[in-house]
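Asker: The task is simple: from the sequences and hints, build the whole structure.
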Amino acid sequence: MFERSSFWSAPPEWSGARIERPGLSVAASCGPAQLVAGSVEAWLAARSLAVSGPRQTCTRPDYALRLAPDTLLIVGAVAASPGWHAEHGVAISDAGDAWILIDVEGEGAPALLAQGCEYPFPSEHGAATESARMLFAGLVVAVSRRAAGWRLHVDRAWAPALWRWLEVHATSSHS
Amino acid sequence: MSARRLGHGGEIDRGKTLDFRFDGRSFTGFAGDTVASALLAGGAQILGRSFKYHRPRGLLGSGFEEPNALLDLRDGERHDPNARITREMLAAGMELHSVHALGKASFDALGFLDRLSRFIPAAFYYKTFMWPRWWLFENAIRRMAGIGKLDPDARAHAESTIHLRADLCVIGAGPAGIAAARAAQARGLSVVMADERSRPGGSLLWRETSITGEPGAAWAAQSVQALRAGGATVLQDTSAIGLYDHNTVVLVQREAGRERLLQVRAGEIVLATGAIERPLLFAHNDRPGVMLADAVLEYLRRYAVCAGERVVVATASDPAWETAFALQAAGARCVLVDARTDPPMAAAARERGIELRTGARVAQALGAPVVTGARLDTGERIPCDLIAVGGGWTPLINLWCHARGRPRWNAELGCYLPGDALPGLRVAGSANGAVSLAQALSQGAEAGGAQGLETPACSEFSSGPGGAPDLSQTGGGRVWVDLQHDVTVKDLELAIRENFRVVEHLKRYTTLGMANDQGRTSNVNGLAVLADRTARSIAEVGITTFRPPYVPVSMAALAGHERGELQHPLRRLPAENAHRAEGAHFRDYGNLLRPAWYGPEEGALERECRAARESVAVLDASSLGKIEVIGPDAGALLDFVFYHRLSTLAPGRLRYTLALSESGAVWDDGVVMRLAPEHFVVSCSSGHVAAMTAHLQEWREDHFDLSRVFVHDCTSQWATMAISGPRSREVLASIIPGAVLDDADFPHMSLQTGVFHDRPARVARVSFTGERSYEVSVPASLAGALWQAARSGGAAPLGVEALGVLRAEKGFLFIGQDTDSETQPQDLGMDGPRRNRKDAYVGDRSLFLPEGTRAGRRQLVGIAADGAMIPPGAHAVASSAAGRRSIGFITSSYDSAALGRPVALALIEDGLSRMGEVLEFEHLGARHRGAVTAICFLDPAGERLHV
Chain B
1 MFERSSFWSA
11 PPEWSGARIE
21 RPGLSVAASC
31 GPAQLVAGSV
41 EAWLAARSLA
51 VSGPRQTCTR
61 PDYALRLAPD
71 TLLIVGAVAA
81 SPGWHAEHGV
91 AISDAGDAWI
101 LIDVEGEGAP
111 ALLAQGCEYP
121 FPSEHGAATE
131 SARMLFAGLV
141 VAVSRRAAGW
151 RLHVDRAWAP
161 ALWRWLEVHA
171 TSSHS
Chain A
176 MSARRLGHGG
186 EIDRGKTLDF
196 RFDGRSFTGF
206 AGDTVASALL
216 AGGAQILGRS
226 FKYHRPRGLL
236 GSGFEEPNAL
246 LDLRDGERHD
256 PNARITREML
266 AAGMELHSVH
276 ALGKASFDAL
286 GFLDRLSRFI
296 PAAFYYKTFM
306 WPRWWLFENA
316 IRRMAGIGKL
326 DPDARAHAES
336 TIHLRADLCV
346 IGAGPAGIAA
356 ARAAQARGLS
366 VVMADERSRP
376 GGSLLWRETS
386 ITGEPGAAWA
396 AQSVQALRAG
406 GATVLQDTSA
416 IGLYDHNTVV
426 LVQREAGRER
436 LLQVRAGEIV
446 LATGAIERPL
456 LFAHNDRPGV
466 MLADAVLEYL
476 RRYAVCAGER
486 VVVATASDPA
496 WETAFALQAA
506 GARCVLVDAR
516 TDPPMAAAAR
526 ERGIELRTGA
536 RVAQALGAPV
546 VTGARLDTGE
556 RIPCDLIAVG
566 GGWTPLINLW
576 CHARGRPRWN
586 AELGCYLPGD
596 ALPGLRVAGS
606 ANGAVSLAQA
616 LSQGAEAGGA
626 QGLETPACSE
636 FSSGPGGAPD
646 LSQTGGGRVW
656 VDLQHDVTVK
666 DLELAIRENF
676 RVVEHLKRYT
686 TLGMANDQGR
696 TSNVNGLAVL
706 ADRTARSIAE
716 VGITTFRPPY
726 VPVSMAALAG
736 HERGELQHPL
746 RRLPAENAHR
756 AEGAHFRDYG
766 NLLRPAWYGP
776 EEGALERECR
786 AARESVAVLD
796 ASSLGKIEVI
806 GPDAGALLDF
816 VFYHRLSTLA
826 PGRLRYTLAL
836 SESGAVWDDG
846 VVMRLAPEHF
856 VVSCSSGHVA
866 AMTAHLQEWR
876 EDHFDLSRVF
886 VHDCTSQWAT
896 MAISGPRSRE
906 VLASIIPGAV
916 LDDADFPHMS
926 LQTGVFHDRP
936 ARVARVSFTG
946 ERSYEVSVPA
956 SLAGALWQAA
966 RSGGAAPLGV
976 EALGVLRAEK
986 GFLFIGQDTD
996 SETQPQDLGM
1006 DGPRRNRKDA
1016 YVGDRSLFLP
1026 EGTRAGRRQL
1036 VGIAADGAMI
1046 PPGAHAVASS
1056 AAGRRSIGFI
1066 TSSYDSAALG
1076 RPVALALIED
1086 GLSRMGEVLE
1096 FEHLGARHRG
1106 AVTAICFLDP
1116 AGERLHV
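Line by line, the protein sequences are chains B and A. Taking our numbering as reference, the numbering of the first sequence is continuous, increasing by one, and the terminal residue is 175. Taking our numbering as reference, the numbering of the second sequence is continuous, increasing by one, and the terminal residue is 1122.
Treat each hint with caution, since some may be false.
Claimed, not checked - Cβ pair distances, simulated, as ranges:
| id | chain 1 | residue 1 | chain 2 | residue 2 | range |
| --- | --- | --- | --- | --- | --- |
| 1 | A | 373 | B | 48 | 55 to 63 Å |
| 2 | A | 183 | B | 18 | 55 to 63 Å |
| 3 | B | 7 | A | 924 | 34 to 42 Å |
| 4 | B | 18 | A | 277 | 54 to 62 Å |
Please keep in mind that the hints were generated in silico from the structure rather than gathered at the bench. Glycine is no exception: its CB is placed at the ideal position from the N, C-alpha and C atoms.
Answerer: In structure tokens form, the structure reads like this:
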């Protein structure tokens, strides 16, 4: 009674998780990341780190996403030890295991993403300071535009739900 | 009604016949038919039975305004118990049945109810079926009400919701809508246009029109082709069901029996939703064979179905004359009955052999069950098999009203029109009161932003207003206003006599306009009756509120693919697959999926509890909050937000605390650990992580320098395994080599760091079971490895259910289970900070209000059951001269394997003053007894923490 393991799909093993359809490729990964909050503009200026977002294409493995006016998610790099850095006025927490990165690429990517939220992913318009955080498929994600598509950054606890959503809707958008 | 299919014309493909069945009879239609047009052509006249009186009903209209023709439809796997057949495209093999009939539509055993109509007028159920008990009749009445039956085995299919954006969204692809779309596209705007029909053009598809020398339908097709070539998205078979904030339009698209929701965010919206014809009010106007004149014309021109051979066309305006002319040309014999004494096209009608009765009105439809004639107010009886009525036009402004637009009555046109302008929203065409094609095209172009554009040359059969409702024939007989809910003029008069004179009261008392057609063919006529019978104008009477959805939309369409596990996703543990491999029995705990126990259910709780008490067990505690609070003011923020002072914690130490609401109620508890002078971690309960993060952020932003303290939710960064039991130290040593194990150096409620698989690890010595316990946290990608390491070290798996027993034996709380929305810290025996703190913290003042200090507050105590376990929720009952009343209830209750008896926690009035008192408990008729005790049943001195 109330046994729910068969109702919920088992999470994938994240390293190597992929969804492949003609014209669409979805792949999961994780890597070093940190949350940096505080005097982030000065902190950014002191580092050669690109700021990405849903409309700012980034091809580098390391980049920053704006989650809040004073909070960045640094992906692909570890800037400093966790804790308070008084010299820079920033607070840093490790986040590399907290986020799963899901790359959605291919000509079918816009159609798949259009099922998740109303954000105009293919549009070129938009300010560079725009927040990367949005609601996608009912879940909070941060989005970075990549060369071949978009990268969804999702909390690890919610990643299995998002992955299952992508599996179901990738089949739907393909058909 | 002697309907017949013409041998030519229409949009149907006579080369593709489609066989289908209705109520056991076989019919044949053509590709391009709707189910309605095919049934009409096949001679089916009675398609259903009315809601209350089971009167026979046939087709009235041709679109979504159709109130009668709802059928049970099966098409392959698809089942729709309420298919509106005027909008269903015919497919081969469809199986259709009438609904709401005992038997079938053509013979309904409940048809006798119509003879009892005087006993069951509107609102009869407020006055009857009361004695001896309403619920004795309720089941029978519910079975008789409702239209259609759900098939629990049917599987509804829908497509995934799609989101679109456009500079302009146009609802309606009639002349005004197309003009608006073209004008907008010419200005370089992106356009989405939606229309509920299968082809663009609106009324151009069946009315005699020409635009720029082309037939209207051809102009529409070419225009849409041009729009698509220019990048516009044009959606057919798509209805707009609602208008929402920020110019969001929700559409539902139907294709091959499947629905899809489209959500459009538009810079601007143009509503070119058209208008529908109103029925005329006369006796027995609900008979099969009474149809809207515009619908008759659509069936004739689009589907080549001549709906009658001898037709009375009744109207007081020109548009219905086109119906008469077209029917006459198709070979029917028409009599035009026009209330006007000098209609302008009288001569043209006579030239075509159409008989005229001017200055006359239809007073009664004759014949039963179907129309066989019409009696005029002059007394003349005209044999006929079809009465086509044109009672004026009702602009479709529902979506305007969704956007909080206020409609305004226009006496000249006899209809409600959009009132004051709304930002970003324009209305064009007949929905905006346009009475000619030229006006519709001009309004549409203007709505699309064109300036100074010349209206294209156009012509049409007729133009002009339809006029207000005519009530001259409502004085006698049974005159139907709302066909779907069987509301007559007499019902409205009854309601008015009973003082339901406000339109909102009238609506609810009589159910006028409350069926799934939302009063499209009944509202305005009903308002006219109300106004007339209360000596007011229609403008003074007002109109009720339109709400989404504009047309019925299936639950499947709303769900799209968000069903099953996608409907309400849960947070998942990083080691979930390891638990699955161990045979975990999972349950949904709030918004989390967690192992309830492992292995066979039989004996699981006792097995796991014994492991934790006698040896060692491991629980996946990864869902517990790990909210980092960092900065010079971190301690100050925590002091303010929590009940205990936390700035006094030394680095490397932990403290248990409560979070209070501003009313002083306990809403969460947890452990705060200090990693460094300016770095804390708040470990709150699993279900409150998001709320606690928001709570900390809110007070940070409200009360503190934003440059000096920051809140990061790092819960998912760390996987945490709680290793608990007398052998827990051995397991820890096997997991974290080099860990400090000596109690003197690693006391209870302290923290150390280490390394696991070359990555940082934290080890907190904290216990929720009362046994020696260590919570080991590692980066989440190592969750599975940590679990395996603990298991390899000898720890048995421990699920959430067993944890509930273990913590209850110690009197540890589940906030929200052992507390309610009024429980304050002093009710839990935690009075220290309340007495001693002088600084401000959230909820402090509420603790000293009279409510917080009065006698009789419910306080948390233990209950030692006298006999078997007392069920959770059982109420403690006190008896007095005044009677019996509840003085509290059991919050947690378990059979304790360690103690060999039940243990329970309860919130009891003045519980802390009742130690030893034996209380009576009641639950679902059973009585129990239990003595009030301290909440800790096991090892009150806490010695097992150090075993």
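Asker: Could you say whether the range 34 to 42 Å given as a hint is met by the Cβ separation of residue 7 of chain B and residue 924 of chain A?
Answerer: 39 Å, holds
Asker: If I claimed the Cβ atoms of residue 18 of chain B and residue 277 of chain A lie 54 to 62 Å apart, would that claim hold in this structure?
Answerer: 58 Å, holds
Asker: Take a look at whether the Cβ-Cβ distance between residue 373 of chain A and residue 48 of chain B falls inside 55 to 63 Å.
Answerer: 58 Å, holds
Asker: Between residue 183 of chain A and residue 18 of chain B, is the Cβ distance one that fits in 55 to 63 Å?
Answerer: Once the Cβ atoms are compared, 58 Å apart, the range 55 to 63 Å for residue 18 of chain B and residue 183 of chain A holds.
When each numbered hint is compared with the structure, no violation occurs for any of them.
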